[in-house]
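There are 2 protein chains.
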Amino acid sequence: MMRNSRIVSRLIKIAGKEKVFSSPEDLFCYSYDGTFLSVVPGVVVRPASTREVAAILSLASAEGVPVVPRGAGTGLSGGAVPVEGSIVLDLTAMDRILEIDTADMLAVVEPGVVTARLHRAVEEKGLFYPPDPSSSSVSTIGGNIAECAGGPRGLKYGVTRDYVLGLEVVLAGGEVVMCGGRTVKNSSGYDLTGLFVGSEGTLGVVTRAVLRLIPKPEARQTLRADFKAIEQAAEAITAVLGAGVVPSALELMDDVTIRCVENYLHTGLPLDVEAILLVEVDGPESTLAEQAGLIASLCIEHGAERVRVAQTRKEEAELWRARKAVSPAVVQVKPTKISEDATVPRSQVPALIRAIKEIARRYRLTIAIFGHAGDGNLHPNLLVDKGDPDEMARAEEAIKEIFQAALSLGGTLSGEHGVGLLKAPFMELEFGPCGMAAMKKIKESFDPFGILNPGKIFGRI
Amino acid sequence: MMRNSRIVSRLIKIAGKEKVFSSPEDLFCYSYDGTFLSVVPGVVVRPASTREVAAILSLASAEGVPVVPRGAGTGLSGGAVPVEGSIVLDLTAMDRILEIDTADMLAVVEPGVVTARLHRAVEEKGLFYPPDPSSSSVSTIGGNIAECAGGPRGLKYGVTRDYVLGLEVVLAGGEVVMCGGRTVKNSSGYDLTGLFVGSEGTLGVVTRAVLRLIPKPEARQTLRADFKAIEQAAEAITAVLGAGVVPSALELMDDVTIRCVENYLHTGLPLDVEAILLVEVDGPESTLAEQAGLIASLCIEHGAERVRVAQTRKEEAELWRARKAVSPAVVQVKPTKISEDATVPRSQVPALIRAIKEIARRYRLTIAIFGHAGDGNLHPNLLVDKGDPDEMARAEEAIKEIFQAALSLGGTLSGEHGVGLLKAPFMELEFGPCGMAAMKKIKESFDPFGILNPGKIFGRI
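Chains as they are written, first to last, in this note's numbering: chain A, 518 to 978; chain B, 518 to 978.
Rather than coming from a laboratory, the hints here were simulated on the basis of the structure.
The C-beta atom is built at its ideal place from N, Cα and C for all residues, glycine as well.
Please note that a few of the clues may not be correct.
[Unchecked claim] Computed Cβ-Cβ distance ranges for the label pairs, DEER-style:
no., chain 1, residue 1, chain 2, residue 2, range
1, B, Glu918, A, Ser548, 47 to 57 Å
2, A, Leu788, B, Val655, 34 to 44 Å
3, B, Ala842, A, Gly643, 30 to 40 Å
4, B, Ile529, A, Ile731, 45 to 55 Å
[Said to hold, decoys possible] With a straight-line Cα cutoff of 16 Å, these simulated EDC-like cross-link-like pairs (lysine to aspartate or glutamate) come out:
no., chain 1, residue 1, chain 2, residue 2
5, B, Lys673, A, Asp679
6, B, Lys874, B, Glu961
7, A, Lys673, B, Asp679
8, A, Lys958, B, Glu692
9, B, Lys874, B, Glu914
10, B, Lys958, A, Glu908
11, B, Lys958, A, Asp964
12, B, Lys958, A, Asp679
13, A, Lys958, B, Glu961
14, B, Lys957, A, Glu961
15, A, Lys957, B, Glu961
16, B, Lys957, A, Glu913
17, A, Lys851, A, Glu908
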């Protein structure tokens, strides 16, 4: 709770009494995100405008109080978990889609806009905003920008960073900076826009974003291929991409994941295979049959047991239903799900899967592996029980080894979840002391008093 | 010339006698780039390895001597123009293509690799490196990264920044940092890779780059449309992009440009039109006829006088010949060409063209306008005579007004040439004092003694 009642009353002056929350029940609701971490903040404020955000940051700066920006709290690395005594900046009230410009193919939005709402709004106008994190029905654009969210479409279309043209950002002291703009090309000075994307609220608070849109693909087609051996699935992926086809999604589910989903959905998934690939192609209607046919034959050629091409929208929904049920399915097994997103060059996917399975065995853990295999971004989900300290200790060691395995295969700690609190201790493994020093210099120059989301990315600095 | 002969002998110790140049003739050869600016450096050194680059920067740092990194010197904003008494770091000897990985679709290269050589090398393996600045037959990847170079393919495929996965960078003090890596997705910490791209050698020296490749498009087709009124051409562009077609190039030439090229090539270009659009589509062979047909009919619908679709490779080369001859053609008119690349949201292209034409009239200047109209990136080329001080003074005023026009239309100073020296005085117009302060903080934290390419981007700081 906020010890300093003067700060609470100043916040009330800035944002209004009904936008400042400090009861224990309210604070509890803001204590966690999509991880198992939880810290109760000092106070929550829900600003309605850039001006209010600037006033709050200026106050926090003067008082030396940490500020933790927050969207929907669906993050999977702890980026929105509060710091004790902090001001949580709840940005969900700034949720206007200010503009959808069909001629220049861009949208201007506030950070609290829910991702799926933006998807619907632009698709109604024949346009397309590709980034599609699995939490898109609740996640906000501001959170997506903070963590550089991705999603299945990343393989073909890239991630959030690739769609942010410009930002309005409030800096630590309350100054408002505009960077980037409304042009699709920009080579003027440093790419501040790209720097803020993925900076997890540690350099500034995004209050407005200009997002690039593209024409909505005319049509899409989905197919599923089942493989006895995970290596065959990996070879099929390489063959497909090597043939010049870039699917709009190329998702993999391993045997543990398949079993979890089948136990949950009873939809007849094959329990005798090591991997399922779910592949979606999109583009002009006239090209789909050829693309899907080529993929199907490459899968068969590389040992697929069977390939099923969705012939109707209903069949397509059926195929995707299994993939979309992964998250609810895996939490049936154990109450706590630790979702990682180690990412490797795509040729190393089989090696990473083998390493994770070996780690699971050694630490006696259930790890479901699924994810965006086409871009090397896997989500090993450790299925554990937060209440079992022994299991949690084994999980912690296992996670460390998974990170080490990913890095030794030329990979990275995070493909799309960000670093947050959970991966901060491992950053130096990836970047070395010089790389970390370079990032810290940037952090210190933007936030000399360390009030912006402290602890994230760097741990303590 | 280098006053400090001790530095010259230290450089000789690092790189070898035959790699250090200090005769007046040699220094003169390194005094200019693709602009009309020229400053003779103190000494030139041509390192052969990252280790040598690190030793040189460490020496320069200790001695407080400015360092100006340089590729092929084709830049159009003055980014590689030396500072008086500086060490020019000629990176052209570090020109190895270290790896082309077809499974992970990436290339690892040294900075001195010529862009077109990389194009050929990856295309031989069925892959594609899209960025294609017009200078690609001579420009280097290091220079492309420094300025975030683009090219006609930017509309569909993006610019250099979109293809840099990872970098090895030597910092001001000689420390070597690795950022990014070999994965197509990366959400670990700040995007240092993206920050270095386009930083014009002011934050560090790139010594190695991991570049993303994509499958080589199966086929392409080109067409040309001639328009009586430039507004019609602009409307046709909006219609084409609005119909969901994304051409791999969408180039515009205005009447002044057409006349220059026709006087030079005598190829029968129409002299009674205000604009020519050159459109290329690529992708699966089977989709080209439909795409080209749709574009042709949209051009006709929006008032094109005539549309010519290339039926053979020879006809295609013929159509592109006119566009590629623009640079040699315009310098026939006047000895000095000042090439700008003001960029606006694409819907503002006609407004920017009108503004430039009005400015040309008012200042009695010949300005040829051409460029990548599909992404709003125009290249107004002021055709002047460096020896005519009155004309140069008018050109200077005109450039200022062109920048103001671009910014007031929601645009940016540079789409793909960078800021260098020429646009530095205008940066605050675009970014305001807070934006400039944020960039300066980054500069100061990476280069506290200001030895890295001083004056670029910021002017004096």
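- Message: Need the list of violated hint numbers for this structure, in ascending order.
- Response: 2, 6, 10, 12, 16
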